[in-house]
Amino acid sequence: MKKDNIVKILLAVFIVLFSVNNYAQEYGVEHVDNEDTAVHEVPGKIDTKEEVTEYIDHHLQDSHYFNFFSDGATGDHYGFPLPVILWDNGLKVFSASKFHHGESLVSLDGATYKLYHNKIYKTNSEGTITYGEDGFPTNARPLDFSITKNVLAMLVVSLLMFIMFKSLASAYKNKDIPTGFGRVLEPLVIYVRDDIAKPNIGPKYRKYMGFLLTVFFFILILNLFGLTPLGINVTGNIAVTFCLALITFIIVQFSGNKHYWKHIFWMPGVPIPMKIVLMPIEVLGMITKPFALMIRLFANMTAGHVVVMSLLGLIVVFQNWIAGPAFFGFTLFISVIELLVAFLQAYIFTLLSALYIGMAVEEHDHHPKDHSEDIPVI
Amino acid sequence: MEKLINDFSFGLFFWQALILVVLILLLRKFAWKPILDSLNNREEGIKNALLSAENARKEMQNLQADNEKLLNEARAQRDAMLKEAREIKEKVVSDAAAEAQAKADKIVANAQVIIENEKNAAMVDLKNQVATLSIEIAEKVIREQLSTTEKQHKLVEDMLADVTLK
Numbered sequence: 086m087k088k089d090n091i092v093k094i095l096l097a098v099f100i101v102l103f104s105v106n107n108y109a110q111e112y113g114v115e116h117v118d119n120e121d122t123a124v125h126e127v128p129g130k131i132d133t134k135e136e137v138t139e140y141i142d143h144h145l146q147d148s149h150y151f152n153f154f155s156d157g158a159t160g161d162h163y164g165f166p167l168p169v170i171l172w173d174n175g176l177k178v179f180s181a182s183k184f185h186h187g188e189s190l191v192s193l194d195g196a197t198y199k200l201y202h203n204k205i206y207k208t209n210s211e212g213t214i215t216y217g218e219d220g221f222p223t224n225a226r227p228l229d230f231s232i233t234k235n236v237l238a239m240l241v242v243s244l245l246m247f248i249m250f251k252s253l254a255s256a257y258k259n260k261d262i263p264t265g266f267g268r269v270l271e272p273l274v275i276y277v278r279d280d281i282a283k284p285n286i287g288p289k290y291r292k293y294m295g296f297l298l299t300v301f302f303f304i305l306i307l308n309l310f311g312l313t314p315l316g317i318n319v320t321g322n323i324a325v326t327f328c329l330a331l332i333t334f335i336i337v338q339f340s341g342n343k344h345y346w347k348h349i350f351w352m353p354g355v356p357i358p359m360k361i362v363l364m365p366i367e368v369l370g371m372i373t374k375p376f377a378l379m380i381r382l383f384a385n386m387t388a389g390h391v392v393v394m395s396l397l398g399l400i401v402v403f404q405n406w407i408a409g410p411a412f413f414g415f416t417l418f419i420s421v422i423e424l425l426v427a428f429l430q431a432y433i434f435t436l437l438s439a440l441y442i443g444m445a446v447e448e449h450d451h452h453p454k455d456h457s458e459d460i461p462v463i
Numbered sequence: 464m465e466k467l468i469n470d471f472s473f474g475l476f477f478w479q480a481l482i483l484v485v486l487i488l489l490l491r492k493f494a495w496k497p498i499l500d501s502l503n504n505r506e507e508g509i510k511n512a513l514l515s516a517e518n519a520r521k522e523m524q525n526l527q528a529d530n531e532k533l534l535n536e537a538r539a540q541r542d543a544m545l546k547e548a549r550e551i552k553e554k555v556v557s558d559a560a561a562e563a564q565a566k567a568d569k570i571v572a573n574a575q576v577i578i579e580n581e582k583n584a585a586m587v588d589l590k591n592q593v594a595t596l597s598i599e600i601a602e603k604v605i606r607e608q609l610s611t612t613e614k615q616h617k618l619v620e621d622m623l624a625d626v627t628l629k
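As given, the protein sequences belong to chains C and U, one line each in that order.
All letters in the first sequence, in the order written, are residues 86 to 463 by the working numbering.
All letters in the second sequence, in the order written, are residues 464 to 629 by the working numbering.
Derived by calculation from the structure, the hints in this document are not laboratory data.
Since the model is a prediction, treat every value here as computed from it, not as a measurement.
Even for Gly, the Cβ is constructed at its ideal location relative to N, Cα and C.
Honestly, I wouldn't trust all of these hints.
Here are the computed distance ranges between Cβ atoms for each label pair [stated by the list, open to error]: (1) Lys251/C <-> Ser515/U: 18 to 24 Å; (2) Lys496/U <-> Ala384/C: 32 to 38 Å; (3) Glu506/U <-> Glu448/C: 22 to 28 Å.
If we strip away everything but chain C, and leave its shape as in the complex, we get (with noise of 0.2 Å):
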């Protein structure tokens, strides 16, 4: 019986890594464009260092189409464009196929828009680019609120997670025990209320269980939809981490008691110098966690996603007998341990979240009172 499902496992993880294999070697394809001129030329193979850097470089990045792959020999993309909406001086809304991906402008109202590197920039009519010092476009860029392959992701993912997590509630209305799908989330739900948000914030953790739990699946979710052929990577990106971490912020600060702002602001326990000397240490440490956690969770997914298709790269880059199979080889065990990274960084984001929630609302009445044992464990 266990050895059935071990070998059902790794039959489904040889399925997805073959196709993320199809799909490397297609999909890349049509990003490869030149820096220098700028134009998207008529794409040929990845075979060498810099196309798949280049590749990488541009799969972790957002896109405004969602592509499932591309022919390299015809130039043609499978997929779908996404809409775009912008807001320079008024809302404009059109479909990005507009851009036939990065090879035309657009005009609209007067300006001119580009699409260059999944990014959109306002270009005089020629849409010429201009660069910085430092190598990036300096072109204005209008603000961007286009459904891109993100957050379609997310979207999906949310619709995915509500149908779920309903039926799942559903399913304790006619019996206590859910069946199907229920019976692999209920340990989860579980275990990120007995493991995570009890022993760190306290009696008073059915208050944040809501967003703990929307969280850790979320993140969960699209963590492992970044494993799958389709090509994204939403929890690589800093903006989606930023606005993860941003929010446990709010909501740390939000439940702090006043023992929690005592101690930023006037550490009990301490000579008067020292209570100064700790008050921006411990106002700085208040931001550092959340940036930890934005930082942590973005640079996790990216390494990983980094790792599996440069490896996968070099399969394309020796083309060999031997390279072929070796570096399959390698993806695969990278892309288990991915699996399990998937797991460990939602566990890790809740996890310290709830943590930080615990040490915001954390009752001081056992202490002493002259609150000499006060000096928290930094």
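Take the given structure of chain C and dock chain U to it, following the hints.
Structure of chain U alone, referenced to chain C:
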């Protein structure tokens, strides 16, 4: 770092914030609250069931202990009753024996008194008869011995011979 800042998309941030907040609120209302409530209820139910099972077990034990106690008490009572009965029996027997002894003693004593009295009476009677008989015999003897004048003189002489003057 510049690359990160360049890559930061405000639009994505905006959508993410919106989606996440709406998702948290929706799930909280429609999913987490009922799920957690049901889980809590279920756990409470299990806890209560276990507790009542434990209580029932304890009650059973108590009952058994009570039974045992009652049985022991009954047994002790029986033993006490038997012992008492035995004691009573012994007492009755010994009492009866003592009473019988006393009665017998009394009867014997009475009998002895009566016998003594009878004996005394018989003795008195016997003595009287012996005295009468003796007197009669003495009378006859005396009459015989003093039937002649010589014999009377002889007696007086004997008697006088015995008398010595001092």
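Verification of the supplied hints:
1. Lys251/C <-> Ser515/U: 18 to 24 Å: violated, 34 Å
2. Lys496/U <-> Ala384/C: 32 to 38 Å: Roughly 34 Å apart at Cβ, these two residues keep to the hinted range, so it holds.
3. Glu506/U <-> Glu448/C: 22 to 28 Å: holds, 24 Å
Consistency with the previously given hints fails for number 1 only.
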